[in-house]
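*Asks:* All chains should be modelled from the sequences, with the hints used to inform the complete structure.
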Amino acid sequence: EVQLVESGGGLVQPGGSLRLSCAASGFTFSSYWMSWVRQAPGKGLEWVANIKQDGSEKYYVDSVKGRFTISRDNAKNSLYLQMNSLRAEDTAVYYCARVIADCSGGSCYSWAFDIWGQGTMVTVSS
Amino acid sequence: DIQLTQSPSFLSASVGDRVTITCRASQGISSYLAWYQQKPGKAPKLLIYAASTLQSGVPSRFSGSGSGTEFTLTISSLQPEDFATYYCQQLGTFGQGTKVEIK
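Heads up: the protein sequence lines correspond to chains A and B, in order. For this note's numbering, add 840 to where a residue sits in the first sequence, where the first one is 1. For this note's numbering, add 1163 to where a residue sits in the second sequence, where the first one is 1.
If you're looking for bench data, these hints aren't it; they were derived computationally from the structure. For clarity, every value in this text was computed on a predicted model and none was experimentally measured. It cannot be assumed that every hint is accurate.
Claimed, not checked - Straight line, CA to CA, 27 Å or less: simulated BS3-like cross-link-like pairs of lysine-lysine:
1. 892(A) x 1208(B)
2. 892(A) x 916(A)
3. 1208(B) x 916(A)
4. 1266(B) x 1208(B)
5. 1208(B) x 898(A)
6. 883(A) x 1205(B)
7. 1262(B) x 1202(B)
8. 905(A) x 892(A)
9. 1266(B) x 1202(B)
10. 883(A) x 1202(B)
11. 1262(B) x 1208(B)
12. 883(A) x 1266(B)
13. 1266(B) x 1205(B)
14. 916(A) x 898(A)
15. 1208(B) x 883(A)
16. 1205(B) x 1262(B)
17. 883(A) x 898(A)
18. 883(A) x 1262(B)
Stated by the list, open to error - Residues on chain A that point at chain B, a partial pick, calculated with CB under 8 Å:
19. 884
20. 885
21. 886
22. 901
23. 935
24. 940
25. 948
26. 949
27. 950
28. 951
29. 952
30. 953
31. 954
32. 956
33. 958
34. 959
Unchecked claim - Sample of chain A residues with no beta-carbon within 10 Å of chain B, all distances over it, derived:
35. 847
36. 896
37. 905
38. 917
39. 920
40. 965
Every residue, glycine too, gets a C-beta built ideally from N, C-alpha and C.
*Replies:* Here it is as structure tokens:
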């Protein structure tokens, strides 16, 4: 069964750090772009970050640039999100997702998130 | 950056109704658009990608169309399990969502 399972969420104070993990199974992890997508309570979906199959390309939404780092370990079939300098507005459910990417010539034209984890809640509050 | 605007934001419909949701892009995006369904407390589910390609396992009552700046998601005959929130998406941008509720 194709599956993504997130872990690492919790309550953290503003300015603190947290590392999320996502364990993949049932597919060839190293063949896919991967993403983190978040959803604040009662709000819509917000893409956070993407990473290429070999980790050589990474992209972030502007609001997390310089604070969050996406990474992967293909040997462990795992995706990570290191979150530093956390703010109240980072409070959300964080999902990892597999990406169907349409890329050529160094540019990507389309991402579709076809497999999602169950999500892990991150609460930033004092 | 591309903006995606969905309409309506809220839709009240009955079982058996034909439902159409529109997603407008702020600039042309060819056919590079996906649609998702999300039920409360659950992860989103991919319904359609490349504007009109039905994801494996998704019922055929769901269909997508459009290109350029205007796209539609159509549910031909609304079923009880279809009451949910629907999002369009292109690259790193999601629409604001359309909540479909029971009339």
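*Asks:* Compare the structure with each hint and give your call.
*Replies:* Okay, the hints, checked on the actual structure:
no.: 1; hint: 892(A) x 1208(B); in the structure: holds, 22 Å
no.: 2; hint: 892(A) x 916(A); in the structure: holds, 16 Å
no.: 3; hint: 1208(B) x 916(A); in the structure: holds, 25 Å
no.: 4; hint: 1266(B) x 1208(B); in the structure: holds, 23 Å
no.: 5; hint: 1208(B) x 898(A); in the structure: holds, 24 Å
no.: 6; hint: 883(A) x 1205(B); in the structure: holds, 14 Å
no.: 7; hint: 1262(B) x 1202(B); in the structure: holds, 10 Å
no.: 8; hint: 905(A) x 892(A); in the structure: holds, 17 Å
no.: 9; hint: 1266(B) x 1202(B); in the structure: holds, 17 Å
no.: 10; hint: 883(A) x 1202(B); in the structure: holds, 13 Å
no.: 11; hint: 1262(B) x 1208(B); in the structure: holds, 15 Å
no.: 12; hint: 883(A) x 1266(B); in the structure: holds, 23 Å
no.: 13; hint: 1266(B) x 1205(B); in the structure: holds, 22 Å
no.: 14; hint: 916(A) x 898(A); in the structure: holds, 19 Å
no.: 15; hint: 1208(B) x 883(A); in the structure: holds, 17 Å
no.: 16; hint: 1205(B) x 1262(B); in the structure: holds, 14 Å
no.: 17; hint: 883(A) x 898(A); in the structure: holds, 25 Å
no.: 18; hint: 883(A) x 1262(B); in the structure: holds, 12 Å
no.: 19; hint: 884; in the structure: holds, 5 Å
no.: 20; hint: 885; in the structure: holds, 4 Å
no.: 21; hint: 886; in the structure: holds, 7 Å
no.: 22; hint: 901; in the structure: holds, 6 Å
no.: 23; hint: 935; in the structure: holds, 6 Å
no.: 24; hint: 940; in the structure: holds, 6 Å
no.: 25; hint: 948; in the structure: holds, 7 Å
no.: 26; hint: 949; in the structure: holds, 5 Å
no.: 27; hint: 950; in the structure: holds, 4 Å
no.: 28; hint: 951; in the structure: holds, 6 Å
no.: 29; hint: 952; in the structure: holds, 4 Å
no.: 30; hint: 953; in the structure: holds, 6 Å
no.: 31; hint: 954; in the structure: holds, 5 Å
no.: 32; hint: 956; in the structure: holds, 4 Å
no.: 33; hint: 958; in the structure: holds, 6 Å
no.: 34; hint: 959; in the structure: holds, 6 Å
no.: 35; hint: 847; in the structure: holds, 15 Å
no.: 36; hint: 896; in the structure: holds, 18 Å
no.: 37; hint: 905; in the structure: holds, 12 Å
no.: 38; hint: 917; in the structure: holds, 19 Å
no.: 39; hint: 920; in the structure: holds, 19 Å
no.: 40; hint: 965; in the structure: holds, 21 Å
The earlier numbered hints are all upheld by this structure, with none contradicted.
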